[in-house]
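Protein chains: 2
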Amino acid sequence: MGLGKKVTVIGCGNWGSAASKVIAENTKKYDLFDDTVRMWVLEEKVDGVNLSELINTHHENKKYLPGIKLPENILAVPDLAECVKDTDLFVFVIPHQFVKGTAEKMKNSGQLKSGALAISLVKGIMIVDKKPVLVSDLVESELGVPCSALSGANVANCIAREEFSEATIGYTTKEHARLWQRLFDRPYFKISCLDDVAGIQVYGALKNVVALAAGFCDGLGLGSNTKAAVMRIGLNEIHTFARNFFPGTNEKVVFESAGLADLITTCIGGRNVRCAAEFAAKEGKRPWNEIELEFLNGQKLQGTTTCVETYEVLKECRRLAEFPLFHVTYKVAFEGLNPKELIASLSVKLI
Amino acid sequence: MGLGKKVTVIGCGNWGSAASKVIAENTKKYDLFDDTVRMWVLEEKVDGVNLSELINTHHENKKYLPGIKLPENILAVPDLAECVKDTDLFVFVIPHQFVKGTAEKMKNSGQLKSGALAISLVKGIMIVDKKPVLVSDLVESELGVPCSALSGANVANCIAREEFSEATIGYTTKEHARLWQRLFDRPYFKISCLDDVAGIQVYGALKNVVALAAGFCDGLGLGSNTKAAVMRIGLNEIHTFARNFFPGTNEKVVFESAGLADLITTCIGGRNVRCAAEFAAKEGKRPWNEIELEFLNGQKLQGTTTCVETYEVLKECRRLAEFPLFHVTYKVAFEGLNPKELIASLSVKLI
Chain D
1 MGLGKKVTVI
11 GCGNWGSAAS
21 KVIAENTKKY
31 DLFDDTVRMW
41 VLEEKVDGVN
51 LSELINTHHE
61 NKKYLPGIKL
71 PENILAVPDL
81 AECVKDTDLF
91 VFVIPHQFVK
101 GTAEKMKNSG
111 QLKSGALAIS
121 LVKGIMIVDK
131 KPVLVSDLVE
141 SELGVPCSAL
151 SGANVANCIA
161 REEFSEATIG
171 YTTKEHARLW
181 QRLFDRPYFK
191 ISCLDDVAGI
201 QVYGALKNVV
211 ALAAGFCDGL
221 GLGSNTKAAV
231 MRIGLNEIHT
241 FARNFFPGTN
251 EKVVFESAGL
261 ADLITTCIGG
271 RNVRCAAEFA
281 AKEGKRPWNE
291 IELEFLNGQK
301 LQGTTTCVET
311 YEVLKECRRL
321 AEFPLFHVTY
331 KVAFEGLNPK
341 ELIASLSVKL
351 I
Chain Y
1 MGLGKKVTVI
11 GCGNWGSAAS
21 KVIAENTKKY
31 DLFDDTVRMW
41 VLEEKVDGVN
51 LSELINTHHE
61 NKKYLPGIKL
71 PENILAVPDL
81 AECVKDTDLF
91 VFVIPHQFVK
101 GTAEKMKNSG
111 QLKSGALAIS
121 LVKGIMIVDK
131 KPVLVSDLVE
141 SELGVPCSAL
151 SGANVANCIA
161 REEFSEATIG
171 YTTKEHARLW
181 QRLFDRPYFK
191 ISCLDDVAGI
201 QVYGALKNVV
211 ALAAGFCDGL
221 GLGSNTKAAV
231 MRIGLNEIHT
241 FARNFFPGTN
251 EKVVFESAGL
261 ADLITTCIGG
271 RNVRCAAEFA
281 AKEGKRPWNE
291 IELEFLNGQK
301 LQGTTTCVET
311 YEVLKECRRL
321 AEFPLFHVTY
331 KVAFEGLNPK
341 ELIASLSVKL
351 I
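First to last, the protein sequences are chains D and Y.
Residues 1 to 351 in our numbering are what the first sequence lists, from first letter to last.
Residues 1 to 351 in our numbering are what the second sequence lists, from first letter to last.
Please keep in mind that the hints were generated in silico from the structure rather than gathered at the bench.
Heads up, a few of these hints could be off.
In this list, chains with the same sequence are indistinguishable; a pair is considered to hold if it fits within one copy or across any two.
Claimed, not checked - Straight line, CA to CA, 30 Å or less: simulated DSS-like cross-link-like pairs of lysine-lysine:
| no. | residue 1 | residue 2 |
| --- | --- | --- |
| 1 | LYS105 | LYS62 |
| 2 | LYS331 | LYS85 |
| 3 | LYS131 | LYS252 |
| 4 | LYS340 | LYS107 |
| 5 | LYS85 | LYS45 |
| 6 | LYS252 | LYS315 |
| 7 | LYS174 | LYS69 |
| 8 | LYS85 | LYS252 |
| 9 | LYS174 | LYS63 |
| 10 | LYS28 | LYS340 |
| 11 | LYS340 | LYS69 |
| 12 | LYS174 | LYS252 |
| 13 | LYS300 | LYS62 |
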């Protein structure tokens, strides 16, 4: 006790809570880690009680992961500076639009420990000067700590229920990969490692845009051939995007959980596909925020944000024509194009 | 009329009938082809009437593609020799175990036209001397005509209903690719071409084994993370298999409809997955032939046959250890292993 690396999870949402459960099981298992896992909670009232108090008393996140017993060595902490103090390993799992601001506050707390490491579980890319920036690069530049990334076919509720799942860690050094793999690998959550921090984040972000298009197919009542075609075209556009903007991308990522498996599970059962199906079923006339409120208990969709950001990046560098699926998905989601027009954009010319 | 290439479809099952509909629409569209599409029917009685008569009278295959109006330029022909006579383009779409015998009879009819071409829509590989042999190679060697292949995310009923779908033609020469693409490309059925006859057939065959494993997941009530993991591992084993046995395989096939899209649609909505789900739900105790009778109207599963053949090939060359998913799927399907043991085989070692 006291000698192991101290872990703090930055985030307490659906995935943050499920990831904390995984991590807390492993910190108890390995002497390498300190048992206690701190979880930073952006305080809010739930049934009149502070969320952090609820978690620490009942060992359940009733708002974002209801019905799942959390290990008692998870300590919800609402004060960010207190979370930063003494932490060796930071796990980022907050919506991507909040990463920069949160990292700045962490830096400004003056509590950052020398030699700390970070890993990003955030599904998203940032846009800086209309260019895509990886969440891991942002964390590295803001905090000055090396940042790996974890991504995979990970519907949080399924992992919380301990259904067999996989994920991929994108690493820069093998030493870091070994450490992070021990923090996350469970009998029901198998972790493989790939030397590609960029690739797995690009797939992790852009698959949410494909999931919107797949959800439109569901909402239109189209069958599995069509949905598979949309997913295939989407995978090709993700691949093209990664190759163009992050040339070091390892092409093997497609065979990883962070590659096609994440795309599959996101397009079968994820939140983006459910909300997009509702959007298309209502012919694009129901506002996204209303759908988010009904389907996500107030959480925000990643897919719509990433859809806008991807569109802006591609528009800026005049490459929209190479990404017909991303483009038409944006037009359906934000420019009033009838969802039925989605399919018209998916044709292949005769050779 | 009379100058266009004459097309004959060898097969009248579910996919054969849907493919004939696609083809017959295009033979009417392009002068390149003779309008009439002959469809070889292995004669059987349906409600006391010959199947070929039913098709030619009512323009519907009531047994294998009920509810779909077939173009009137499809001519069902029960005599194989008559089908071979004058045909320029043969489309093979029969269960893979019948290809060799049928091709032999076609050859022996003495009617084979010089300069004829063939394409295989058969999802399967043959085993000769315990080595995998492509259906296209078998057709080429039996008939002495060049044989391309077509494969993709193609649930036949969805294509028959004209839901947007895609497929990939694997070709040896671009000239043949252009011809076949014109025979199959429709606004609702988009065809791309890849110079890899072998790769698309290996994917097309082995994805049915993966679909059995995916179906077991469904039957066990497992979630989308697990199913996506099984599909990912399966894709990797298909890839390894193709690379080992057909070294010329184009790695790009994974990005084609015949690659990951076919895997996805087969594992979401195909017949193998439905039957395998039933098998697992009944704890492996209900015989396959009983399930086939109930779910497939008497047609045979491709997945179970291919599963056995793949197992025999890998056992013969002592490489089962490299294919844990194919191996465990065989053991569940044919050696009484409890379906629940499937997941135990899917672990990744710590690095």
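Intra/inter-copy verdict for LYS131 and LYS252 if alpha-carbon distance must be at most 30 Å: both (24 Å within a copy, 28 Å between copies)
Using 30 Å as the alpha-carbon threshold, which applies to LYS85 and LYS252: within, between, both, or neither? neither (38 Å within a copy, 48 Å between copies)
Up to 30 Å CA-CA - LYS252 versus LYS174, copy category: Intra 17 Å, inter 29 Å, cutoff 30 Å: intra and inter.
Homomeric proximity label, LYS340 with LYS69: Cα distance no greater than 30 Å: between (43 Å within a copy, 24 Å between copies)
Go through the copies and call it for LYS105 and LYS62: within, between, both or neither, with a Cα cutoff of 30 Å. Answer is within; shortest intra-copy Cα gap is 27 Å, inter-copy 69 Å.
Checking an output row: LYS174 and LYS69, CA cutoff 30 Å. Within, between, both or neither? neither (33 Å within a copy, 60 Å between copies)
Can you give me the call for LYS300 and LYS62, within, between, both or neither, at a CA distance of at most 30 Å? within (18 Å within a copy, 49 Å between copies)
Within, between, both or neither, where LYS331 and LYS85 count as close if Cα-Cα is 30 Å or less: For LYS331 and LYS85, the Cα distance exceeds 30 Å both inside one copy (45 Å) and across copies (52 Å).
Between copies, within a copy, both or neither: which fits LYS85 and LYS45 at Cα up to 30 Å? Answer is within; shortest intra-copy Cα gap is 25 Å, inter-copy 80 Å.
From the Cα coordinates, with 30 Å as the cut-off, is the pair LYS28 and LYS340 best called within, between, both, or neither? between (52 Å within a copy, 28 Å between copies)
With identical chains treated as interchangeable, where does the CA-CA distance between LYS252 and LYS315 reach 30 Å or less: within a copy, between copies, both, or neither? both (28 Å within a copy, 28 Å between copies)
Identical-chain pair category, LYS340 with LYS107, by Cα at 30 Å: Close neither inside one copy (47 Å) nor across copies (48 Å); limit 30 Å.
Comparing the model with each numbered hint stated earlier shows that hints 2, 4, 7, 8, 9 do not hold.
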